[in-house]
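Enquirer: Each chain, letter by letter, is given below.
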Amino acid sequence: MTAAILPYLAILRARFILMLQYRAAAFAGFATQCWWGVIKIMVMAAFYAGAAHQPINLAQAITYTWLGQAFLALLPWQADAEISEAVESGNIAYERLRPVDTHLLWLVRAAAMRAANTSLRLVPMFIVAAVLLPLAGLAEWSWRLPPNLAAGALFAVSITLAALLSSGFTVLLNIAVTALKTRRAANIAPVLVTPLSGMIVPLVLMPAWSQPLLFWQPFAGLVDIPYRIYFANLTGVGALAGLAAQALWIVLFILIGRAWMNRVMARVDMQGG
Amino acid sequence: MNGLALYRSYIRNCLRAQMLYPTAFLLRLVTQFAITITEFAGLFALFVRFGHIRGWTFAEIALFYGTVSTAFALTDVATRGFEMFGPQFVKTGDFDRVLLRPRSATLQLMGFEFGFTSLGRVLQGLIALAVGVGLTPIDWSVAKALLLLWAMTGGVALFFGIQVLQGTLSFWTVESLEIVNTLTYGGVEAAQYPLDIYAAWFRKFLIFVVPLGCVVYFPVAAILGRSDVAGVTPLVGALTPFAGFVFLAIAFAAWRRGIRHYTSTGS
Chain E
8 MTAAILPYLA ILRARFILML QYRAAAFAGF ATQCWWGVIK IMVMAAFYAG
58 AAHQPINLAQ AITYTWLGQA FLALLPWQAD AEISEAVESG NIAYERLRPV
108 DTHLLWLVRA AAMRAANTSL RLVPMFIVAA VLLPLAGLAE WSWRLPPNLA
158 AGALFAVSIT LAALLSSGFT VLLNIAVTAL KTRRAANIAP VLVTPLSGMI
208 VPLVLMPAWS QPLLFWQPFA GLVDIPYRIY FANLTGVGAL AGLAAQALWI
258 VLFILIGRAW MNRVMARVDM QGG
Chain A
667 MNGLALYRSY IRNCLRAQML YPTAFLLRLV TQFAITITEF AGLFALFVRF
717 GHIRGWTFAE IALFYGTVST AFALTDVATR GFEMFGPQFV KTGDFDRVLL
767 RPRSATLQLM GFEFGFTSLG RVLQGLIALA VGVGLTPIDW SVAKALLLLW
817 AMTGGVALFF GIQVLQGTLS FWTVESLEIV NTLTYGGVEA AQYPLDIYAA
867 WFRKFLIFVV PLGCVVYFPV AAILGRSDVA GVTPLVGALT PFAGFVFLAI
917 AFAAWRRGIR HYTSTGS
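Going down the list, the protein sequences come from chains E and A.
Heads up, the first sequence is in the working numbering, so the first residue is 8 and it goes up one at a time.
Heads up, the second sequence is in the working numbering, so the first residue is 667 and it goes up one at a time.
Errors might be hidden in some of the hints.
To be verified - Covered, in the sense of this in silico footprint (three residues per stretch, anywhere, with C-beta under 8 Å from a C-beta of chain A), are these stretches of chain E:
#1 34-43
#2 141-147
#3 205-217
Since the hints were made in silico from the structure, they are not lab data.
A virtual CB, placed ideally from N, CA and C, is assigned to each residue, including glycine.
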């Protein structure tokens with residue numbers, strides 16, 4: 008049992024260390040995100056000034072914005088760059104030669120990549136938005152803690168599911184890249200992920216009639232559901248429904264991914280000799 | 667061949683190269699459009715929810731949004747050479763060859779690559795403009811139309827200046843700095859709203875440091891007949907886009923210093 012897990016753990020660790028190398032890029036990205044967060048918060052505050060009574064209040068919308076910036080790297084914007092290169096160079100053959108399950112391997116790699124990138128940005132963002140902002144007298148613009156322990160615990164579960172969901176979707180993108188033999192196949196991802204996850208506008212602020220549709224589509228589980236659980240906008244049955252929606256789409260993504268991968272790999276062309 | 671003819675042949679060659687893969691080209695264009703238009707749709711959703719932002723309506727915001735988005739997209743089509751200057755020219759030492767040719771470096775960099783796919787964002791900007799023009803009850807006159815065009819020209823000059831500054835920084839940093847995106851993409855994000863919604867320090871930054879407010883906010887407020895909110899007379903509002911050209915001139919002064927400072931990476 009343990010021996011079977013070892014190769015996946017090794018991959019997880021190796022990828023994590025690799026991703027941590029890009030500290031300079033991470034720092035530039037971090038500064039950009041702080042700036043972005045500040046603009047979005049001022050806009051939100053201006054909108055709320057005219058209409059206070061909304062599904063989530065201003066403090067929650069601000070926390071939502073900071074969470075969005077802190078967990079930005081968790082989102083599946085693109086396929087795994089190494090797989091894309093392997094497809095273009097022909098090294099995709101090696102992926103099939105490894106004595107491990109390819110789908111699980113790709114899933115673990117995606118999870119490591121997303122987790123490493125996120126961990127780099129999460130802590131400094133928290134320090135700036137949740138610790139330094141209140142100290143600077145800008146408490147109303149700050150990232151608030153979850154209102155109670157239950158919300159925090161449920162959020163920990165939900166954000167883990169979000170990481171898995173994101174990884175499952177990344178593997179689908181990898182397979183699309185493999186099938187079409189170009190990394191451009193993954194270009195569709197931001198078109199779907201950005202608006203449907205709730206990164207542009209919190210889904211809960213969209214018109215009431217669209218709420219059930221938006222809640223049960225796959226990408227809500229990346230942003231909207233975990234964040235609403237965080238500030239206890241989704242509690243009890245609502246929170247459980249959110250976790251169920253996430254779990255449902257993780258399972259579906261994995262099942263679709265496994266079936267699709269078998270078909271694609273049965274006839275994959277290799278570049279080069 | 668004079669400069670303009672050379673520039674035209676740069677454009678032709680670049681278009682021909684990109685059209686070698688027409689499907690990929692079209693896909694990128696459509697993707698670019700789809701991403702940016704959903705952002706605009708998101709803005710609409712916020713207005714459905716909140717009604718207005720500090721007294722400004724969706725149609726008015728659409729006019730601000732369309733002006734800044736179109737100006738940025740038009741600049742982005744033509745200034746990739748400056749944006750990619752660090753990794754493409756300084757790091758590789760290719761800038762030596764650019765300097766050896768008997769043409770200005772600016773012309774060659776502008777001809778380096780055309781982001782035709784950014785036309786997807788131009789289209790989004792024009793749609794936003796059309797929404798703004800169509801839904802606001804403005805008495806359009808020749809003067810107002812010219813003012814809108816002038817505001818956009820100032821915006822193009824400003825964004826061009828930002829890209830030139832990014833290129834200039836690469837003389838020292840070699841890499842392209844992602845941080846400049848806070849001024850380009852972040853600038854579009856900020857200037858799509860009227861500046862009076864922001865905190866004072868941010869408003870001052872957008873007027874006196876990176877004068878996005880001068881090229882978009884003041885003139886468009888004047889067109890909308892809301893100069894009183896902006897705190898300037900309509901005449902001043904009509905003059906402020908000039909700041910974009912001042913910014914561009916300063917950027918090019920810095921650029922020339924950068925060229926003097928340039929030492930090749932060798933071989």
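Enquirer: Checked against the structure, which of the hints given earlier come out wrong?
Expert: 2
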